[in-house]
Each structure stands twice: as structure tokens, then as C-alpha cells.
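Engineer: Sequence:
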Amino acid sequence: MTAIEPLYGREIALVDLLDRLLAGGVVIAGDLTLRIADVDLVRIDLKALISTVGAAVPSPWPEYPERGTAVRGPS
Numbered sequence: 007m008t009a010i011e012p013l014y015g016r017e018i019a020l021v022d023l024l025d026r027l028l029a030g031g032v033v034i035a036g037d038l039t040l041r042i043a044d045v046d047l048v049r050i051d052l053k054a055l056i057s058t059v060g061a062a063v064p065s066p067w068p069e070y071p072e073r074g075t076a077v078r079g080p081s
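Letter 66 of the sequence shown, counting from 1, is numbered 72 in the working numbering, and no numbers are missing.
By construction, these hints were calculated from the structure, which means they are not laboratory data. Every residue, glycine too, gets a C-beta built ideally from N, C-alpha and C. Honestly, I wouldn't trust all of these hints.
[As the list claims (entries may be wrong)] Here are the computed lysine to any residue pairs in the SDA-like style, where the Cα-Cα straight-line distance is at most 25 Å: (1) 53 - 31; (2) 53 - 64; (3) 53 - 20; (4) 53 - 23; (5) 53 - 15; (6) 53 - 36; (7) 53 - 29; (8) 53 - 39; (9) 53 - 32; (10) 53 - 41; (11) 53 - 17; (12) 53 - 34; (13) 53 - 26; (14) 53 - 35; (15) 53 - 38; (16) 53 - 27; (17) 53 - 37; (18) 53 - 40; (19) 53 - 21; (20) 53 - 33; (21) 53 - 69; (22) 53 - 66; (23) 53 - 30.
[What the hints assert, rightly or not] Here are the computed distance ranges between Cβ atoms for each label pair: (24) 52 - 25: 22 to 32 Å; (25) 41 - 68: 43 to 53 Å; (26) 20 - 68: 35 to 45 Å; (27) 43 - 64: 43 to 53 Å.
Whenever a hint applies, use it, and build me the whole structure from the sequences.
Structural biologist: Shown next, in the form of C-alpha cells:
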């Protein structure tokens with residue numbers, strides 16, 4: 007077992023940090039409430055999953071080999 011290095015003494019490039027986070031995936035969640043005089047006017051629940059898509063992940067759209075493209079839904 008190896009000792010874990012403390013992060014406060016290390017310099018990490020932003021690109022390396024983003025690469026590590028996206029390789030495993032990141033979940034972002036939060037709540038936002040707009041309140042005036044103790045009355046909630048607007049409430050927003052935020053949830054997001056941010057991750058890279060690899061070649062091993064199948065496309066959700068059917069493939070048409072004669073066209074070489076996936077069919078997308080209506081735009």
C-alpha cells in the first residue's frame with residue numbers, strides 16, 4: 007500500500023484535472039431558490055451528468071449501413 011500525497015503541495019494542470027474527472031464521470035446537483043420576504047418565488051433543481059463517450063458505448067439511434075449515418079429524431 008502506498009501513501010497518498012497531499013494535494014495542497016501539488017500543482018495540477020486544469021487539462022489534467024478535467025481529463026481525470028471526465029474519464030470517471032462527474033455528477034453535479036444543486037438547488038436554487040429565489041426568495042423575497044420569506045416567500046419562495048422560484049425554485050430550480052439542477053442535476054447533470056458529465057462524462058466522456060467512448061467507442062464502446064452503443065449509439066441510441068439505429069445505424070443504416072447504406073447511408074453510413076445514424077438516423078436522428080425530428081429536429
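Engineer: Each hint should be assessed against the structure and marked as holding or not.
Structural biologist: Taking the hints in turn, this is what the structure says about them:
The hinted pair formed by residue 53 and residue 31 meets the criterion: a straight-line CA distance of about 13 Å does not exceed 25 Å. Between the alpha carbons of residue 53 and residue 64 the distance comes to roughly 23 Å, so the proposed pair stays at or under 25 Å and holds. Taking the CA atoms of residue 53 and residue 20, the gap is near 23 Å; set against the 25 Å cutoff, the hint holds. For the suggested pair residue 53 and residue 23, the alpha carbons sit about 21 Å apart, so the restraint of at most 25 Å is met.
Annotation: proposed proximity of residue 53 to residue 15 is violated, straight-line Cα distance about 32 Å (limit 25 Å). Taking the CA atoms of residue 53 and residue 36, the gap is about 7 Å. The hint holds against a cut of 25 Å. For the hint pairing residue 53 with residue 29, the CA-to-CA distance comes to about 19 Å; that is within 25 Å, so the pair holds. For the hint linking residue 53 to residue 39, the alpha-carbon distance of about 15 Å falls within 25 Å, and the restraint holds.
For the proposed pair residue 53 and residue 32, the alpha carbon gap of about 11 Å is at most 25 Å, so the pair holds. Our distance criterion of 25 Å between C-alpha atoms is met by residue 53 and residue 41, whose separation comes to about 21 Å. Between residue 53 and residue 17, the direct Cα distance comes to roughly 30 Å. Violation of the 25 Å bound is thereby established for this hinted pair. Proposed proximity of residue 53 and residue 34 is supported: the alpha carbons are some 6 Å apart, at most 25 Å.
Simply put, residue 53 and residue 26 have alpha-carbon atoms about 20 Å apart, close enough for the 25 Å limit, and the pair holds. Proposed proximity of residue 53 and residue 35 is supported: the alpha carbons are some 4 Å apart, at most 25 Å. A distance of roughly 11 Å separates the Cα atoms of residue 53 and residue 38; the hinted pair therefore holds under the 25 Å criterion. Under the criterion of a C-alpha separation no larger than 25 Å, the hint pairing residue 53 with residue 27 is consistent with the structure, at around 17 Å.
A C-alpha spacing of about 9 Å is found between residue 53 and residue 37, which places the hinted pair at or below 25 Å, so the restraint holds. For the hint linking residue 53 to residue 40, the alpha-carbon distance of about 18 Å falls within 25 Å, and the restraint holds. Straight-line distance between C-alpha atoms of residue 53 and residue 21 comes to about 24 Å, which keeps the hinted pair within the 25 Å bound. A hinted pair counts as satisfied when its Cα atoms are at most 25 Å apart, and residue 53 with residue 33 qualifies at roughly 7 Å.
In summary, the hint linking residue 53 to residue 69 is not supported, as the alpha carbons are separated by about 30 Å, beyond the 25 Å threshold. The suggested pairing of residue 53 with residue 66 holds, with an alpha-carbon distance near 21 Å, which does not exceed 25 Å. A threshold of 25 Å between alpha carbons decides the hint, and for residue 53 with residue 30 the separation of about 17 Å falls inside it, so the pair holds. A C-beta distance of roughly 24 Å is found between residue 52 and residue 25, which places it inside the suggested range of 22 to 32 Å.
For residue 41 paired with residue 68, a C-beta distance near 47 Å keeps the hint of 43 to 53 Å intact. Between residue 20 and residue 68, the C-beta spacing of about 38 Å keeps the proposed range 35 to 45 Å intact. In this structure the supplied range 43 to 53 Å holds for residue 43 paired with residue 64, their Cβ-Cβ distance being about 52 Å.
Of the numbered hints listed earlier, those contradicted by the structure are 5, 11 and 21.
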